[in-house]
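> Single-letter residue listing:
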Amino acid sequence: MGALTDKYCIVGVGETPHMRPSNRTTLSMACEAVSKAMEDAGLKPSDIDGMTSYQAADSTSSAHVATALGMRLNYCLDILGGGSSTEALVAHAIGLIEAGYAKTIVCFRSMNGRSGRRMGGQVPGGPIPVATAEGDNQFNMGWGWTTPAQRFGMSAMRYLHDTGCTTRAFAEIAVAHRYHASLNPKAIHRSPITIEDHQRSRWVAKPFRLLDCCQETDVAAAIIVTSRERAFDLRHPPVFIMGGYARMMTENPQWNYSRPVLHYVAGNYGWKRAFGMAGISHSDVDFISCYDAFTFTTLIQLEANGFCGPGEAGDFVKGGRLKIDHELPSNLSGGHLSEGYTHGVQMVIENVRQLRHRADDACPGWREGRHTYDRSKGCRQLRKARICCGMAWGWENMASCLILRGIAA
Amino acid sequence: MSDYIKPLPKPSPTSLPFWEAARRHELKLQYCEACKAFIYYPRDRCPTCFSDSLEWRPVSGRGKVYSYTVVRRASSRSFADGPYVLAIVQLDEGPRMTTNIAAPPEQVRVDMPVAVYFDDVAPGHTLVKFKPA
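In order, the protein sequence lines correspond to chains A and B.
Residue numbering for the first sequence follows the working numbering, beginning at 114 and increasing consecutively.
Residue numbering for the second sequence follows the working numbering, beginning at 3 and increasing consecutively.
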């Protein structure tokens with residue numbers, strides 16, 4: 114067990130709706146998300162003394178949000194980041210609180226990810242906004258290598274070649290996450306899809322089709338971390354942080370595709386640390402979240418984190434294994450593929466709600482933890498939701514993990 | 003000024019010899035005397051042994067497709083003249099390069115043999131690309 118296992122908790126979560134477009138500033142959305150997380154926790158602005166955020170030079174700052182909400186902070190920091198940053202900021206918050214720099218820290222991400230700057234930096238329909246490609250970009254951008262779909266498509270293509278896996282495995286993930294979105298009133302896409310729908314959808318960047326790609330949205334999302342002692346006095350039963358790894362990197366991260374096997378991703382180096390810290394094994398995990406910028410990023414992280422062996426993920430996900438009420442439910446809010454795109458915060462938020470037994474679904478009594486477990490009536494709460502493993506993806510070369518447990522179920 | 007609207011590489015002092023060679027239609031990479039190995043992309047020191055004894059040497063320009071993608075959905079007007087094949091080519095000498103493959107997309111395969119060619123895309127700018135060998 115890790116020295117700090119179960120000493121720190123997530124006590125508040127909140128987000129704006131997923132919008133396309135928001136017609137709002139990132140400051141306005143961040144204030145809404147942080148306020149909702151405070152309300153969820155039963156905290157006032159004066160109870161928050163630390164704030165962190167991550168962004169891609171596309172968002173407001175902690176200082177702006179603290180000013181707007183009347184907070185005086187003992188600590189604030191805004192980092193450059195994307196996928197895998199949420200879990201890293203949780204680890205960072207633990208360190209700060211343990212060392213006495215702050216007591217209760219809110220972490221947020223606010224982005225006009227649809228109507229503003231898109232992933233890859235392009236404006237749809239416009240020319241690429243840079244005339245010259247500098248630094249590392251001089252060795253890829255000129256050839257038209259500019260988007261995550263192209264970059265990860267490269268890893269996926271080699272993975273299919275090396276393992277014999279087919280894109281029907283990608284479809285299993287798209288179908289499972291969409292089914293969960295169908296049970297989530299907040300999700301952008303709620304119509305269930307089939308494996309054949311996936312196989313018929315148009316190509317984006319081979320081997321990725323449209324239904325392999327996430328739904329970029331305008332959204333802000335926030336979570337609050339504090340110590341166990343404070344957590345017990347707050348509105349909800351605490352969700353305990355058992356362990357994880359944060360922004361774990363592969364060797365040779367800068368020139369990623371020179372690594373011997375491109376799809377040997379960063380999670381491979383991290384999962385023993387996370388499970389060791391948490392003091393659990395894979396069979397103790399009731400459900401997972403698994404960063405789904407693309408179907409493939411979920412698939413590859415399952416084997417990187419030891420849920421199955423190398424090259425086995427395609428077989429592992431067959432037959433709806435990742436669906437609710439099956440062996441290993443994944444991304445119960447619908448994830449990036451179907452709920453919307455928060456750069457990973459939403460997965461932590463959904464996991465917290467599931468572990469509290471308070472998934473915000475169609476059940477009239479969800480706020481009190483009363484669920485029907487009837488999927489035909491829109492219930493998405495797991496019956497047994499005690500331990501969750503959240504796996505997050507930066508690039509092939511970077512990953513995070515956050516293992517949480519609840520006490521409500 | 004040409005009507006080329008794709009981003010053009012801006013060499014750094016370290017990478018300039020690579021781009022100057024490409025303009026002469028030569029493929030030259032750095033060779034580490036200590037490791038007896040070629041490296042790419044250009045660096046000040048070998049990433050394996052950290053030696054700064056690196057020499058620019060010509061390579062064969064032959065290799066295989068390590069992986070590829072066919073871009074059907076242009077992310078900007080600059081690349082809307084597709085579909086196009088993006089690839090990582092592993093040279094016979096070892097290093098991998100990102101590039102385009104000039105071939106019908108349906109004919110491209112992982113491990114397909116390829117050979118270099120030089121595309122003078124704009125005045126003073128040459129991109130290293132590959133075609134089926």
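Just so you know, these hints were derived from the structure itself, not from any lab.
C-beta: ideal position from N, C-alpha, C; glycine also.
A portion of the hints provided could be inaccurate.
Quick list of the computed label-pair ranges, beta carbon to beta carbon [stated by the list, open to error]:
id: 1; chain 1: A; residue 1: G213; chain 2: B; residue 2: D83; range: 21 to 29 Å
id: 2; chain 1: B; residue 1: V123; chain 2: A; residue 2: R133; range: 52 to 60 Å
id: 3; chain 1: B; residue 1: I7; chain 2: A; residue 2: R483; range: 54 to 62 Å
id: 4; chain 1: A; residue 1: A212; chain 2: B; residue 2: S14; range: 25 to 33 Å
id: 5; chain 1: B; residue 1: D83; chain 2: A; residue 2: R341; range: 55 to 63 Å
> Do A212 (chain A) and S14 (chain B) keep their Cβ atoms within the hinted range of 25 to 33 Å?
39 Å, violated
> At the C-beta level, are V123 (chain B) and R133 (chain A) separated by a distance inside 52 to 60 Å?
Because 36 Å falls outside the window, the suggested range is violated.
> For D83 (chain B) and R341 (chain A), compare the CB-CB distance with the range 55 to 63 Å and indicate the outcome.
The hinted range 55 to 63 Å holds for D83 (chain B) and R341 (chain A), with Cβ atoms some 58 Å apart.
> If I claimed the Cβ atoms of I7 (chain B) and R483 (chain A) lie 54 to 62 Å apart, would that claim hold in this structure?
Holds - the Cβ-Cβ distance for I7 (chain B) and R483 (chain A), about 58 Å, lies within 54 to 62 Å.
> Would you say the C-beta atoms of G213 (chain A) and D83 (chain B) sit inside 21 to 29 Å of each other?
58 Å, violated
Going through the hint list in order, the structure does not satisfy hints 1, 2, 4.
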